[in-house]
Amino acid sequence: MSFMKDLQKVLRQNIREYGMFIALFVIWVVFAILTDGIFISSRNISNLLNQTGYIAVLGIGMTLIIVIRHIDLSVGFLAGFLGAVAAIAMAFWEWPVYVVIPAVLLIGLLLGLIPGFLVAQMGIPAFVATLAGFLIYRGAILVVTEETGTIIISNDTFNAIGNGFIKDIPVSFLPELHKVTLILGIAAIVLYIIGELNGRRTKQAYNFDVLPMNIFILKIAFTSLLIGGMTWVLAGYNGLSWTVVVVFIVVGIYNFVSTRTVLGRHIYAVGGNPEAAELSGVNVKKITYFVFGQMGMLAALSGMLFASRLQSATTTAGTLFELDAIAAAFVGGVSAAGGVGKVTGALIGALVMASLTSGMNLMGIGISYQYMVRGAVLAAAVIFDVATRNR
Amino acid sequence: MSNTPILEMRNITKEFPGVKALDEVSFRVQEGEIHCLVGENGAGKSTLMKVLSGVYPYGTYSGDILFGGELQQFDGIRDSEKTGIGIIYQELALVPEMTVYENIFMGHEITKGLAVDWNETIRQADNMLKKVKLDINTAVRVKELGVGKQQLVEIAKTLSKNVRLLILDEPTSALNEDDVDNLFDLLRDLKTQGVTCIMITHKLKEIMEIADSVTVLRDGKTICTLDAHKGEVTENALIKHMVGREIDNIYPKREHKRSDEIIFEIENWTAYDPAVERTILKNNNLNVKKGEIVGLSGLMGSGRTELALSIFGNPEGYHVEGNLRVYGKKQRFNHPQEAINAGVAYVSEDRKRNGLILIQDVKQNVTLANLREIAKRGVVDDNAEIKIANEFKSSLNIKTPSIEQKVVNLSGGNQQKVSLAKWLFVKPNILILDEPTRGIDVGAKYEIYTIMNQLVEQGMSIIMISSELPEILGMSDRVYIVSSGEITGELPIEEATQEKIMHLATRN
Ligand SMILES: Nc1ncnc2c1ncn2[C@@H]1O[C@H](COP(=O)(O)OP(=O)(O)OP(=O)(O)O)[C@@H](O)[C@H]1O
Ligand SMILES: [Mg+2]
Numbered sequence: 001m002s003f004m005k006d007l008q009k010v011l012r013q014n015i016r017e018y019g020m021f022i023a024l025f026v027i028w029v030v031f032a033i034l035t036d037g038i039f040i041s042s043r044n045i046s047n048l049l050n051q052t053g054y055i056a057v058l059g060i061g062m063t064l065i066i067v068i069r070h071i072d073l074s075v076g077f078l079a080g081f082l083g084a085v086a087a088i089a090m091a092f093w094e095w096p097v098y099v100v101i102p103a104v105l106l107i108g109l110l111l112g113l114i115p116g117f118l119v120a121q122m123g124i125p126a127f128v129a130t131l132a133g134f135l136i137y138r139g140a141i142l143v144v145t146e147e148t149g150t151i152i153i154s155n156d157t158f159n160a161i162g163n164g165f166i167k168d169i170p171v172s173f174l175p176e177l178h179k180v181t182l183i184l185g186i187a188a189i190v191l192y193i194i195g196e197l198n199g200r201r202t203k204q205a206y207n208f209d210v211l212p213m214n215i216f217i218l219k220i221a222f223t224s225l226l227i228g229g230m231t232w233v234l235a236g237y238n239g240l241s242w243t244v245v246v247v248f249i250v251v252g253i254y255n256f257v258s259t260r261t262v263l264g265r266h267i268y269a270v271g272g273n274p275e276a277a278e279l280s281g282v283n284v285k286k287i288t289y290f291v292f293g294q295m296g297m298l299a300a301l302s303g304m305l306f307a308s309r310l311q312s313a314t315t316t317a318g319t320l321f322e323l324d325a326i327a328a329a330f331v332g333g334v335s336a337a338g339g340v341g342k343v344t345g346a347l348i349g350a351l352v353m354a355s356l357t358s359g360m361n362l363m364g365i366g367i368s369y370q371y372m373v374r375g376a377v378l379a380a381a382v383i384f385d386v387a388t389r390n391r
Numbered sequence: 001m002s003n004t005p006i007l008e009m010r011n012i013t014k015e016f017p018g019v020k021a022l023d024e025v026s027f028r029v030q031e032g033e034i035h036c037l038v039g040e041n042g043a044g045k046s047t048l049m050k051v052l053s054g055v056y057p058y059g060t061y062s063g064d065i066l067f068g069g070e071l072q073q074f075d076g077i078r079d080s081e082k083t084g085i086g087i088i089y090q091e092l093a094l095v096p097e098m099t100v101y102e103n104i105f106m107g108h109e110i111t112k113g114l115a116v117d118w119n120e121t122i123r124q125a126d127n128m129l130k131k132v133k134l135d136i137n138t139a140v141r142v143k144e145l146g147v148g149k150q151q152l153v154e155i156a157k158t159l160s161k162n163v164r165l166l167i168l169d170e171p172t173s174a175l176n177e178d179d180v181d182n183l184f185d186l187l188r189d190l191k192t193q194g195v196t197c198i199m200i201t202h203k204l205k206e207i208m209e210i211a212d213s214v215t216v217l218r219d220g221k222t223i224c225t226l227d228a229h230k231g232e233v234t235e236n237a238l239i240k241h242m243v244g245r246e247i248d249n250i251y252p253k254r255e256h257k258r259s260d261e262i263i264f265e266i267e268n269w270t271a272y273d274p275a276v277e278r279t280i281l282k283n284n285n286l287n288v289k290k291g292e293i294v295g296l297s298g299l300m301g302s303g304r305t306e307l308a309l310s311i312f313g314n315p316e317g318y319h320v321e322g323n324l325r326v327y328g329k330k331q332r333f334n335h336p337q338e339a340i341n342a343g344v345a346y347v348s349e350d351r352k353r354n355g356l357i358l359i360q361d362v363k364q365n366v367t368l369a370n371l372r373e374i375a376k377r378g379v380v381d382d383n384a385e386i387k388i389a390n391e392f393k394s395s396l397n398i399k400t401p402s403i404e405q406k407v408v409n410l411s412g413g414n415q416q417k418v419s420l421a422k423w424l425f426v427k428p429n430i431l432i433l434d435e436p437t438r439g440i441d442v443g444a445k446y447e448i449y450t451i452m453n454q455l456v457e458q459g460m461s462i463i464m465i466s467s468e469l470p471e472i473l474g475m476s477d478r479v480y481i482v483s484s485g486e487i488t489g490e491l492p493i494e495e496a497t498q499e500k501i502m503h504l505a506t507r508n
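Line by line, the protein sequences are chains A and B. Just so you know, we're using the numbering used here here: the first sequence kicks off at 1 and counts up by one. Just so you know, we're using the numbering used here here: the second sequence kicks off at 1 and counts up by one.
Please note that the accuracy of each hint is not assured.
[Stated by the list, open to error] Reference listing, derived: stretches of chain A covered by chain B, where coverage requires no fewer than 3 residues with Cβ under 8 Å from a Cβ of chain B:
1. 139–145
2. 200–208
3. 254–262
None of these hints come from the bench; they were simulated from the model. The C-beta atom is built at its ideal place from N, Cα and C for all residues, glycine as well.
Pulled out of the complex, with its shape left as it was, chain B reads as follows:
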């Protein structure tokens, strides 16, 4: 590793109305390293990368950017790309209906005369896929690929622009462990080819695994930069710098209470999805007892979200068979509203698409699922709404200048908290959490776990879908494992181990 910084950002300050997102941030990246950028939700990581890549053009921030030793004043993302900086956002930006090769060269099409040269495009796309070690036909549509592969296509797309610095904003939050391993192999490989990489992540394990150095941001300020090769990067150090205090146990202790009262149950639950013409859930049996956290473990794409949706009013229109009982009463929900009325709530994994109305403000999002509670004869009581939103803002510690801020302007983790608040306001008896801590920082994770513990303490039951085994093991009272649409096993927490779960999760 050489010692010349390829990138130096000096005293970057960026303000939004009411928020100082970056406050005199300095950030240095050495050539050819993998540099992790970490910090709490809303610390300013994404904003810093957007400043770097020209999304926020020169003049809308203050401070200097030096890239390759030269002062840069990007006027847009195209400028930064030309200079050799490529960014992949938190949300993937591929066109699902288009083929892989069309996506890879979108925006910088290879032309012959006026027309696009498709043959050359396909040839080069093939080369790019080899580079990212993805073995698929470039003519398939992106929507037919899993998230992991889409991620690689996205990287191929960025690499095709000849970048020297690759920025990845939370690339692993939607990936399986295998996909993550793949991605990391690729990043190491790129490193040997001289590509420098900045990666934002909340997963400490990954940082330990891949980072050459780590920069920690907190409240819009640079806290420190740690060098992995000097042994400065440890979990404790990271947590301490990120959160500003020490957390001994990320999974707060709770007694595993044993209640025998089954309040929710499905039997022989089978679902067929007409959209893909496939049976997606086969003969599943599951029950939930009062005051219990049931973990639903499995690989991504194993059908856990489909299971949740088929229970929660079936908005996707699957053909569902089987029995569902709430408090022993046989039920069938034909709309989410019916599920909500019966005391079931579902916090979606994809908060931007299915969870939130981004253009509306915090308070409107918080109350949306239960407006009737704060309405008299159909008229919303604004004061009650403000009160409730403020209560959640403080109880969940949502970082926002005001509850009248549009949700689109919140950082990813705080959006997740708003989404959670919305469903807590429904006061359900059974709360289904789908990847509740995806994209959430350690401190906030701890807060959410604490809240979950309080909720079950008060008698609520939780079904927690999670792809993170430590989270499943740390939080559940009982674990079901799903594989290819089938529940392949049930383990009380005392018997559950990573190996057993992985074994069951890959059985089909």
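In isolation and in its complexed conformation, chain A is listed as follows:
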């Protein structure tokens, strides 16, 4: 049967790209079975996504850092510290939330430029420069929370980012479901299909290889089904949460910038071969500054997402976030050799890791085994990645 043959061939050729999706899918199915469906209940999925948010945004930034062959160990405690700064600004200085959020993002950006400077200008290895940051921000969290301990955040708007859901239209039609979520989901599917069709047409116009028609339809059906399924599940609970909206916006912007713009091309060129990029007129220093700067800003976002979720800033906020982010990036297919890796991969990677935690929690597996399983999955993901490279 030629269809099966085509399918096999396409899967083999694109195994790297589809691998993560398949892995995520398998993990969900397995947990759904092992937990008698609780795992894929609306409530759990909704929770899972909210928990993924603050790691996902870090993982996205980290992907770009790793793409340009660096690493950032400071982002976990930087996130924790900036979460505390946001809490203090609201609780003690009584700044309005609409000032606090952009201000903290800006501070994150500026703090991110410091390792950018050390790496780009001084030539200090990123590992060392950001390890210093790791220690400094850890101390900084303790300093700002020294007198008060945990700082409670009572601003409802701020707390909604981590706990709230988008509003629904007040009609009595389909009372069980969140209508706005459904509409957005359908819109997403339509946009996705239009995008795929357009892409295919352009490729054909240039006589490039495209997927065989039946496989193409299968791919569209599969993806649409996934988006549809997710929409349905979320609509059955409280609908789309603000965290998910924020993550989607971040992924959307980053995906666009990294794949479509001159800036994105320059980032990947620097990662692929810094010397050649420099000689091609790409300013490697500027790119390094930019990438570390954006990482700082996403750390700020992550810190606020986390503080908002807990409705407070704690002394331990941000612990191990950087490692989770790095794990998410690597599970998502970024290569330590530089120049390769997609930001959407980091999102999937973060989802994989969070799903493991969530699923094992539901099954009542102890935390010690959870760490081991996650470690094994990380190793497996990277092994898979290396083994399928250069196909």
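Add chain B with the ligands to chain A, keeping to what the hints say.
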């Protein structure tokens, strides 16, 4: 010379996705001969040698390999080494930060118990260096040696594995004439010691000089094997078999136009390199007129590349003094981008390290230096990119299954064309070409020369750095000669001869 083949490869076929690199290739090498393997870029020479040495293990190709009369099924490079086949790749594979003796025995260290026996290592390394007639201290770091000496160290490393068949993939492409002579003496010497040698090269002169026999590949097929001792190896025969047609004059004719408009000029150009704590360029004066090809001749390591880099935005961070004028306007470029904006482009000699992003595809490499041209408000227009890449693919005749092929998968010569395409897309007024035809086959050379002629015809000016005197003499309108960081002479093409240039090139 005996008549037993030491090596016989039968009906070798090797496919990559979208490319049949080798198509039923047969290849025979007699014991104790120097056998040259030639052919156009992408003909499959390197691939054939990689099949032979086990880089592409048994099972990933079809056909038989007989070595020493026995059927071989190598599972990796270690297998082939054990059998007595040693290969030296197009790119040198030494660790620059390590000493010569460490490099020579890397991967097969001499041990006493669990520890490495350094004394014995050094003693044997000394012996190996004597064998390759290299008179240096084995304790120096490889990065302190010139390319020619590194090449010899590489050979010593391979010989230390007791090889009977030595494969050299374009060993001379980065060597001075003296170094080449040295290398050839060594190869002849090894021949008397019974070592058989396969050498890949694009330089016809070298083939005439050293080959006992020659096998020509074209488009992944064996075209013929010629015997030098029967007088079958002539330049014309080689070109005809390689390219499939005859080329009368490798350097296409062009009228030497005389324009007096100086569009580029440096004065008292001096550079100090803090990394090596040395003045690398001294008081150089040079100018380029509109529509002219200026040859920059000199030995390797004479500072021509440094001169180019110091002009082109100084990415190495030299301390530069002197004046630079473009169209009469005084300028100082602090970054390659500024040089590009002023209409200056530089095509690097080291395409893998400085020229290309190997993991990216052809079209991304072609547009990298001028993405803004195909971008609107910072967003790249994919369609425009595809169109441009396809145009260059056909105009430069880049052999690739598609412009979406990763550059790492192209043959050396086609990589060079991609590198050239990248800079032509910048549409510079002044194009600096650093060894533009290194590793390029005769046919493609001719194409590149033709393109250069068209470019100057259209008013572009070219500075061509080249170590090949015939190329300098064949292509330039005017020649500057560089020796130890100084321009020691300037000759109009009518007055330039090999002797005069060599004289000036060795003056310091
Ligand atoms: N790993 C690979 N994947 C895909 N195609 C490849 C790969 N390696 C080589 N090729 C293709 O196989 C063909 C033969 O390449 P090869 O490197 O053997 O050429 P060559 O004769 O050594 O050329 P050159 O003189 O330029 O070095 C080329 O078309 C090349 O693009
Ligand atoms: Mg080759």
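request  = Would you check chain B against the region 254–262 of chain A, counting CB to CB pairs closer than 8 Å, and say if three or more residues qualify?
outcome  = holds (count 3)
ask   = Taking a Cβ-to-Cβ distance below 8 Å as contact, does the region 200–208 of chain A have at least three residues touching chain B?
value = Held - the region 200–208 of chain A has 3 residues with a Cβ nearer than 8 Å to chain B, which meets the minimum of three.
inquiry  = Using a Cβ cutoff of 8 Å, are there at least 3 residues of the region 139–145 of chain A near chain B, or does the coverage claim fail?
reply    = violated (count 0)
Checked against the numbered hints given earlier, the structure breaks only hint 1 and satisfies all the rest.
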